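Q: Take a look at the letters that make up each chain.
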Amino acid sequence: MSNKNLEKVLNQPMYWVEEINGLIYNALLNYKKENKIKSNTELAKVLGISKSRVSQIINDNEVNYSLEKLFEICFKINVFPKLIFQNKIDAFNTILDNNSNLTFELNQFSNEFEIDNNNKCKIIPLNPNSQLDLVLSQ
Amino acid sequence: MKKYSISLSDKIQQSSTKVFELCKNDKNEFDNFFNIIEKEGTHFGYLSAALRILQDTSNNNNLRGSNKIRLLDTIGNCKLYEVKKDILRIYFFKDENGRIIVTGGKKNDQDKDISRVKKIIKDYLNEQ
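Chains A and B, in that order, give the protein sequences.
If you count the first sequence from 1, position 117 lands on 117 in the numbering used here, and the numbers rise without skipping.
If you count the second sequence from 1, position 83 lands on 83 in the numbering used here, and the numbers rise without skipping.
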């Protein structure tokens, strides 16, 4: 499986901005649930921001705040933000290891097949030690 | 031989729920869409963000209730969803394998794309 597409995606700033959008969205929903806050109006009062801003985060899932303002919101919902800078190559290799393992596990059969004289089609397992063997009749 | 197959997506980080891409006659429409948007350049960031949304929702039910993922329809026992980021859309459905991306599209082509995706899913289900 090619790694190039994932690498292209991971090198887009918007990919990582979306991570922040998702984190703050989940954190706000958890806070609402834990504190039994029913409306966005009530949540806006707690956060000290306008209702339209709360709607922007909850409904549109867009944060669009300065870091400082974002951190202020975090404190009000009882969380500390934690930003980690990870070596790109190390991070990427870890991701690929996970994805590669999954690929091997799930895609056990190649796209190649053999046809015998009885016109039976046998799909070749990628792992020669595999006991799985698919035979299809054409 | 079957027309449809699925391959593990090479565009997201896989997690608890697997994400696949649908191929018809060995042609992967989403891969084609990805390449076009990447080549165009302008909206590739949005596509990457949309993939992030799909990835996050495949991981322990994050982004529950977010408007960025919309249930469009139920076809047979499959639910068709749309991921939205700016003008870009990703269309996927859920089945017993996990999430299967059918294709991507732009906001202006939404109605046409959704109609076509529904037909593809019905065709895929008929083949199973």
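Warning: the hint list may mix true and false statements.
To be verified - DSS-like mimics (lysine-lysine), calculated; alpha carbons at most 25 Å apart, straight line:
id	chain 1	residue 1	chain 2	residue 2
1	B	K94	B	K107
2	B	K24	B	K94
3	B	K39	B	K27
4	B	K107	B	K27
5	A	K4	B	K39
6	B	K106	B	K94
7	A	K4	B	K24
8	A	K33	A	K88
9	A	K8	B	K27
10	A	K4	B	K119
11	A	K88	B	K118
12	B	K39	B	K122
13	A	K51	A	K76
14	A	K32	A	K4
15	A	K4	B	K106
16	B	K39	B	K3
17	B	K107	A	K8
18	A	K88	A	K38
19	B	K18	A	K8
20	B	K39	A	K88
21	B	K122	B	K3
22	A	K51	A	K32
23	A	K36	A	K8
24	B	K106	A	K8
25	A	K32	A	K82
26	A	K8	B	K39
27	B	K106	B	K119
28	B	K27	B	K122
29	A	K88	A	K8
30	A	K4	B	K118
31	A	K69	A	K33
32	A	K4	A	K69
33	B	K79	B	K39
34	A	K8	A	K45
35	B	K79	B	K18
Everything labelled a hint here was simulated from the structure, so no lab data went into it.
Here the structure is a predicted model, which means the values were calculated and not measured.
Q: Look at each hint and say if it fits the structure.
A: Now the hints, each set against the structure:
1. K94(B) <-> K107(B): holds, 22 Å
2. K24(B) <-> K94(B): The hint holds at about 17 Å.
3. K39(B) <-> K27(B): At roughly 19 Å apart (the allowed maximum being 25 Å), K27(B) and K39(B) satisfy the hint.
4. K107(B) <-> K27(B): Roughly 23 Å separates the two Cα atoms, so the pair holds.
5. K4(A) <-> K39(B): holds, 14 Å
6. K106(B) <-> K94(B): Roughly 21 Å separates the two Cα atoms, so the pair holds.
7. K4(A) <-> K24(B): This hinted pair holds, its Cα atoms lying about 22 Å apart.
8. K33(A) <-> K88(A): violated, 36 Å
9. K8(A) <-> K27(B): holds, 21 Å
10. K4(A) <-> K119(B): violated, 31 Å
11. K88(A) <-> K118(B): violated, 39 Å
12. K39(B) <-> K122(B): violated, 31 Å
13. K51(A) <-> K76(A): holds, 16 Å
14. K32(A) <-> K4(A): violated, 40 Å
15. K4(A) <-> K106(B): holds, 23 Å
16. K39(B) <-> K3(B): violated, 28 Å
17. K107(B) <-> K8(A): Judged against 25 Å, a Cα distance of about 23 Å means the pair holds.
18. K88(A) <-> K38(A): violated, 41 Å
19. K18(B) <-> K8(A): Distance ~20 Å between K18(B) and K8(A) Cα, so the pair holds.
20. K39(B) <-> K88(A): Holds: K39(B) and K88(A) sit about 24 Å apart, inside 25 Å.
21. K122(B) <-> K3(B): holds, 13 Å
22. K51(A) <-> K32(A): Measuring from Cα to Cα gives roughly 14 Å; hence the hint holds.
23. K36(A) <-> K8(A): violated, 41 Å
24. K106(B) <-> K8(A): holds, 20 Å
25. K32(A) <-> K82(A): Distance ~21 Å between K32(A) and K82(A) Cα, so the pair holds.
26. K8(A) <-> K39(B): holds, 12 Å
27. K106(B) <-> K119(B): holds, 18 Å
28. K27(B) <-> K122(B): holds, 18 Å
29. K88(A) <-> K8(A): Distance of about 13 Å is within 25 Å: holds.
30. K4(A) <-> K118(B): violated, 30 Å
31. K69(A) <-> K33(A): At roughly 22 Å apart (the allowed maximum being 25 Å), K33(A) and K69(A) satisfy the hint.
32. K4(A) <-> K69(A): violated, 36 Å
33. K79(B) <-> K39(B): Violated, at roughly 31 Å.
34. K8(A) <-> K45(A): violated, 41 Å
35. K79(B) <-> K18(B): This hinted pair holds, its Cα atoms lying about 16 Å apart.
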